[in-house]
Amino acid sequence: MLEIKNLHARIGEKEILRGVNLVVPDGEIHAIMGPNGAGKSTLSYVLSGRDGYEVTEGEVIYDGQNILELPPEDRAAAGLFLAFQYPVELPGVGNANFLRTALNAIRRKRGEEELDAVAFLKLARAAVKSLHMKEDFLKRNVNVGFSGGEKKRNEMLQMALLQPGLAILDETDSGLDIDALKIVADGVNALRGPKFSALVITHYQRLLDHIVPDVVHVLSAGRIVRSGPKELALELEAHGYAGLEAA
Amino acid sequence: MTALPTKKLEAWRYTDLRPLASIEFSAPPPAAIPALPEIDLPRLVFLNGVLAKELSSPFAYARNFQAIAEDTAQPLALINAETAQDGVTLNIPAGVDAGTLLLISHASGDAPFAFHLRHRITLGEGAQLTLIEIAKGEGVYWHDPVTDIELAQGAKFAHIRLQDESREAFHLATIRARVAGAAVYDHFTATIGARLSRTEIGAVLTGTGALAHLNGVQLLAGTQHGDFTTVVAHKAPGCPSRQTVKSVLAGTARGVFQGRIEVDRVAQQTDGFQLSQALLLSPGAEMDIKPELEIFADDVKCSHGATIGALDAEQLFYLRSRGIPEDQARSMLIRAFLEEALEPVTQPQARAVLEEAIDGWWVKQ
Numbered sequence: 001m002l003e004i005k006n007l008h009a010r011i012g013e014k015e016i017l018r019g020v021n022l023v024v025p026d027g028e029i030h031a032i033m034g035p036n037g038a039g040k041s042t043l044s045y046v047l048s049g050r051d052g053y054e055v056t057e058g059e060v061i062y063d064g065q066n067i068l069e070l071p072p073e074d075r076a077a078a079g080l081f082l083a084f085q086y087p088v089e090l091p092g093v094g095n096a097n098f099l100r101t102a103l104n105a106i107r108r109k110r111g112e113e114e115l116d117a118v119a120f121l122k123l124a125r126a127a128v129k130s131l132h133m134k135e136d137f138l139k140r141n142v143n144v145g146f147s148g149g150e151k152k153r154n155e156m157l158q159m160a161l162l163q164p165g166l167a168i169l170d171e172t173d174s175g176l177d178i179d180a181l182k183i184v185a186d187g188v189n190a191l192r193g194p195k196f197s198a199l200v201i202t203h204y205q206r207l208l209d210h211i212v213p214d215v216v217h218v219l220s221a222g223r224i225v226r227s228g229p230k231e232l233a234l235e236l237e238a239h240g241y242a243g244l245e246a247a
Numbered sequence: 001m002t003a004l005p006t007k008k009l010e011a012w013r014y015t016d017l018r019p020l021a022s023i024e025f026s027a028p029p030p031a032a033i034p035a036l037p038e039i040d041l042p043r044l045v046f047l048n049g050v051l052a053k054e055l056s057s058p059f060a061y062a063r064n065f066q067a068i069a070e071d072t073a074q075p076l077a078l079i080n081a082e083t084a085q086d087g088v089t090l091n092i093p094a095g096v097d098a099g100t101l102l103l104i105s106h107a108s109g110d111a112p113f114a115f116h117l118r119h120r121i122t123l124g125e126g127a128q129l130t131l132i133e134i135a136k137g138e139g140v141y142w143h144d145p146v147t148d149i150e151l152a153q154g155a156k157f158a159h160i161r162l163q164d165e166s167r168e169a170f171h172l173a174t175i176r177a178r179v180a181g182a183a184v185y186d187h188f189t190a191t192i193g194a195r196l197s198r199t200e201i202g203a204v205l206t207g208t209g210a211l212a213h214l215n216g217v218q219l220l221a222g223t224q225h226g227d228f229t230t231v232v233a234h235k236a237p238g239c240p241s242r243q244t245v246k247s248v249l250a251g252t253a254r255g256v257f258q259g260r261i262e263v264d265r266v267a268q269q270t271d272g273f274q275l276s277q278a279l280l281l282s283p284g285a286e287m288d289i290k291p292e293l294e295i296f297a298d299d300v301k302c303s304h305g306a307t308i309g310a311l312d313a314e315q316l317f318y319l320r321s322r323g324i325p326e327d328q329a330r331s332m333l334i335r336a337f338l339e340e341a342l343e344p345v346t347q348p349q350a351r352a353v354l355e356e357a358i359d360g361w362w363v364k365q
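Chains as they are written, first to last, in this note's numbering: chain A, 1 to 247; chain B, 1 to 365.
No lab work stands behind these hints, which were simulated from the structure alone. Any given hint could be a false lead.
Derived CB-CB ranges, DEER-like [as the list claims (entries may be wrong)]:
id, chain 1, residue 1, chain 2, residue 2, range
1, B, Glu340, A, Asp177, 41 to 47 Å
2, A, Asp116, B, Thr72, 51 to 57 Å
3, A, Arg108, B, Gln268, 54 to 60 Å
4, B, Ala32, A, Asp116, 37 to 43 Å
5, B, Thr72, A, Pro91, 37 to 43 Å
6, B, Asp16, A, Pro91, 45 to 51 Å
7, A, Arg192, B, Glu340, 55 to 61 Å
8, A, Glu3, B, Leu36, 41 to 47 Å
Straight-line alpha carbon distances no greater than 20 Å define the calculated SDA-like cross-link-like pairs of lysine to any residue that follow [unchecked claim]:
id, chain 1, residue 1, chain 2, residue 2
9, A, Lys139, B, Thr72
10, B, Lys8, B, Thr72
11, A, Lys109, B, Val363
Every residue gets a Cβ at the ideal spot worked out from N, C-alpha and C, and that includes glycine.
Just chain A, same shape as in the assembly:
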């Protein structure tokens, strides 16, 4: 379970998050929507531990642990996974090597045995196949020369292999085409289960046609201003975000 309590964060002198409160129980998928500049991307980066954001107040408890004290790699080992809005290219780093290093780093921290190259490849090939990807995906450099859709697929491949307990999907303003949208949705839906939860951050409602959320929250000016069932997303689509601050 993820509990965000009164989270305040800033970049430099600028306060972006102004007291976010949010609970995502295990097995649920929650969407966070909101206008541009509401703090949606900041929230995903603060949760995953990126440098440059200063938490001034509040805490984030995941599985009973305050993760704000952990470096990003330990948050990943604890079960967090951030699907990047713009996945980063790593020239000179082979995808298979990257995936295996990540998986083994996490297994090591969890006290599990590391996978040798043969065992890993077997697992990776199966994941590649189930995501309808070409096998040469594993041989290419991480995200280098990938199309937008391929980059998203690669994020979902990582998620499938690392088996997180909580996925944070940052799709704040990405111009995903319908195919890429489905890739992300399929990746999340495949992991759905009692031990998996997700925070889907999006500006548009259309992603939520494919990943149906249990709860929709509206983030505005650094606070959650409304929460409701999935129909809330449709209402926002129809009427926009105007006037929510006051609600």
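Given the coordinates of chain A, assemble chain B onto it according to the supplied hints.
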């Protein structure tokens, strides 16, 4: 003894030998037998600059050291010629593929000492050789090797060097290759050790279609100084040459790359390219890059590129967000940065020697 070069010489502007000049070096002491790398290859082992026959394997084409008159004005080569007492002479006859040979230099001693190895390598027409050189040691010493290489028509010589000397040592290597038509000189040096080092390579392309690769990586930390200097002289038409040099600098280390491409009036259709990139891991590190193109022919392709940068924070965060600890993430990005220079080293044992030296370099700093 010939005087050491000073910074007044243009070729030595970025490398100051005064720390070397201030030390009194004695003759090498008797050497202790070190632990040597376990690589299944014929080998020649030099301990404190003397061939250790009992540690070396028979190699059909190796001859004993021969003194050679030095007819250049290169100060270090002159010093070497005045003092060299050992080295190897390799003569690979025409048409022979001599396989791969390992050449190890190991130094150890209590008081500062110097040794000056002189090697001469000749490949006949169409002959082939891969030479893997590893230089290691402990203590304060000055290793000043000179290697002269002569490649006949169509010969192929892959020359892979790992300079992993003691962090208190001085390593000043001079390598000179003459490359005939359609012959290939494929050079790679990894500079990891020594307090102060310079690898100076001169390749003269004397026949049509001769090819020279003078590639290298430098991984320097603390107060290390590493200088990689190349001069490629295109003296015949249609010769390609490449230098890919990657430097990774931590602490207050200083790296130097000087690369000169000279294209003679007759060397039409020259294809020369050099790339020098540096990764600075700390604000105190420094890299000096000096590319020089001297072109006297009119139909040539010749260019150079140089970049200096830091590790990408986005890339680092991406790796860490996937569970990879910071040090390991840095190591991966450093290794990725070096890939382009390492790629041409295809001989598996040479590759393994380099990978082992590079792997975990960052974590050890």
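How the hints compare with the structure:
1. Glu340(B) x Asp177(A): 41 to 47 Å: Distance hint for Glu340(B), Asp177(A) is violated at roughly 33 Å.
2. Asp116(A) x Thr72(B): 51 to 57 Å: 53 Å, holds
3. Arg108(A) x Gln268(B): 54 to 60 Å: With Cβ atoms ~58 Å apart, the hint holds.
4. Ala32(B) x Asp116(A): 37 to 43 Å: 38 Å, holds
5. Thr72(B) x Pro91(A): 37 to 43 Å: This hint holds: roughly 41 Å between Cβ atoms.
6. Asp16(B) x Pro91(A): 45 to 51 Å: 35 Å, violated
7. Arg192(A) x Glu340(B): 55 to 61 Å: This hint is violated: roughly 42 Å between Cβ atoms.
8. Glu3(A) x Leu36(B): 41 to 47 Å: Between Glu3(A) and Leu36(B), where Cβ atoms are some 59 Å apart, the hint is violated.
9. Lys139(A) x Thr72(B): 49 Å, violated
10. Lys8(B) x Thr72(B): 19 Å, holds
11. Lys109(A) x Val363(B): 18 Å, holds
Hints 1, 6, 7, 8 and 9 from the list above are not met by this structure, while the remaining hints are.
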